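Chain order of the listed sequences is A and B.
Each residue of the first sequence is one higher than the one before, starting from 1 at the first, in full-length UniProt numbering.
Each residue of the second sequence is one higher than the one before, starting from 1 at the first, in full-length UniProt numbering.
Hint data in this document are derived by calculation from the structure and do not stem from the laboratory.
None of the values given here were measured: they were computed from a predicted structure.
Since the list gives no way to pick one copy over another, a pair counts as held whenever it fits inside one copy or between any two copies.
Straight-line alpha carbon distances no greater than 20 Å define the calculated DMTMM-like cross-link-like pairs of lysine to aspartate or glutamate that follow:
1) K4 <-> D189
2) K160 <-> D111
3) K110 <-> D189
4) K50 <-> E89
5) K84 <-> E74
6) K153 <-> D189
7) K3 <-> D168
8) K153 <-> E127
9) K178 <-> E30
10) K110 <-> D68
11) K149 <-> D102
12) K63 <-> E74
There are 2 protein chains.
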Amino acid sequence: MNKKGLLIVISGPSGAGKGTICKSLLESQEFWVSVSATTRSPRNGEVEGKNYYFMTRDQFLDKIAQDDFLEHAEVYGNLYGTPKSKVIEMLNSGKNVILEIDIQGALVVKDNYPDGVFIFILPPSMEELRNRIINRGSETPESLMTRFKSAYKEINYVSKYSYAVVNDTVEVAVNKIKSIVVAEQCRVDRMKENFTYSKEGLIHEQFYD
Amino acid sequence: MNKKGLLIVISGPSGAGKGTICKSLLESQEFWVSVSATTRSPRNGEVEGKNYYFMTRDQFLDKIAQDDFLEHAEVYGNLYGTPKSKVIEMLNSGKNVILEIDIQGALVVKDNYPDGVFIFILPPSMEELRNRIINRGSETPESLMTRFKSAYKEINYVSKYSYAVVNDTVEVAVNKIKSIVVAEQCRVDRMKENFTYSKEGLIHEQFYD
Chain A
1 MNKKGLLIVI SGPSGAGKGT ICKSLLESQE FWVSVSATTR SPRNGEVEGK NYYFMTRDQF
61 LDKIAQDDFL EHAEVYGNLY GTPKSKVIEM LNSGKNVILE IDIQGALVVK DNYPDGVFIF
121 ILPPSMEELR NRIINRGSET PESLMTRFKS AYKEINYVSK YSYAVVNDTV EVAVNKIKSI
181 VVAEQCRVDR MKENFTYSKE GLIHEQFYD
Chain B
1 MNKKGLLIVI SGPSGAGKGT ICKSLLESQE FWVSVSATTR SPRNGEVEGK NYYFMTRDQF
61 LDKIAQDDFL EHAEVYGNLY GTPKSKVIEM LNSGKNVILE IDIQGALVVK DNYPDGVFIF
121 ILPPSMEELR NRIINRGSET PESLMTRFKS AYKEINYVSK YSYAVVNDTV EVAVNKIKSI
181 VVAEQCRVDR MKENFTYSKE GLIHEQFYD
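Hey, can you work out the whole structure from these sequences and the hints?
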């Protein structure tokens with residue numbers, strides 16, 4: 001019933017496996033995965049419009065000035081952002097759009113686009129995330145503790161999301177995300193705009209077509 | 001993550017096809033479909049505990065007095081109700097429980113059990129429901145109009161539900177309901193109770209297991 005596409009924001013702590021999940025979602029034709037813009041120079045094999053939209057700092061700042069980013073951030077001197085116009089165009093064409101995005105960016109998108117579906121990817125287990133943090137290799141117990149603390153901080157943001165999907169296996173996680181999309185399309189509060197209202201109430205006129 | 005089962009309330013206007021959908025859901029082992037209690041006498045082939053729990057009016061009134069119904073109503077002099085204790089028992093055992101129930105009953109359940117998943121089954125199309133109403137055969141235009149009006153009234157209750165599933169084909173509708181259940185199990189607000197909290201926040205301790 002809902003002709004407009006859904007903005008599906010896939011986010012979560014580093015090491016949870018967002019990237020693999022989004023690659024797999026991209027393979028099914030139901031979704032369009034947004035491509036980020038960046039001012040950093042292309043690495044070997046990176047394709048314009050596939051891996052990133054590469055642009056100069058001036059071009060990027062122009063887009064910021066035109067409010068053409070859903071969110072943007074500077075990381076190690078390079079600007080990264082999610083182009084807004086293309087996303088909105090795809091949503092209006094009825095395509096479900098996937099944004100793979102870090103937690104800070106996701107919260108900005110949530111402020112600008114509260115109708116989005118915000119999904120937090122959790123690592124297979126807390127034990128597993130702990131191991132990954134340990135295996136990343138930290139010399140001192142202090143730095144290990146710092147990594148733990150930042151991991152807790154990130155995990156705590158799950159409470160700002162509507163859904164949490166544990167990435168035990170990619171296939172299971174992807175199927176859960178597809179189920180979430182089907183369910184969101186069945187939500188009455190999303191359908192209402194597509195119903196006809198009247199004094200007698202919802203979809204009254206449709207009986208008299 | 002959520003060990004407790006979900007109470008899934010399947011409701012909607014007469015002629016939408018709730019019954020067929022619930023029969024099909026029952027065939028998959030994921031669900032337990034609640035059996036209603038009634039004071040009416042069994043019809044040929046009806047099995048105690050399968051079609052209904054048959055009881056005397058006194059037994060039924062005792063259960064009302066013990067607050068052992070999620071909802072109950074009198075129809076043509078017979079009492080019908082949804083036994084509470086069995087439903088709660090199944091939910092606590094982690095089973096997802098299906099209630100197939102009329103709109104009035106569903107709204108009572110919603111008051112008593114807001115954590116339920118309330119799904120409204122819509123007929124394949126407004127046109128189709130209209131045809132069904134016409135084909136049920138009413139002599140006078142007046143009585144036809146009365147049926148239309150009550151159908152509109154029923155359909156309007158969709159706004160009190162979280163989800164609406166159009167019963168175009170039973171298989172598609174059943175798969176949508178299964179997706180809704182998967183999605184609800186991924187809802188953060190349902191998971192929280194299963195996380196460990198601490199001053200540092202969600203699932204902090206789990207890192208130190």
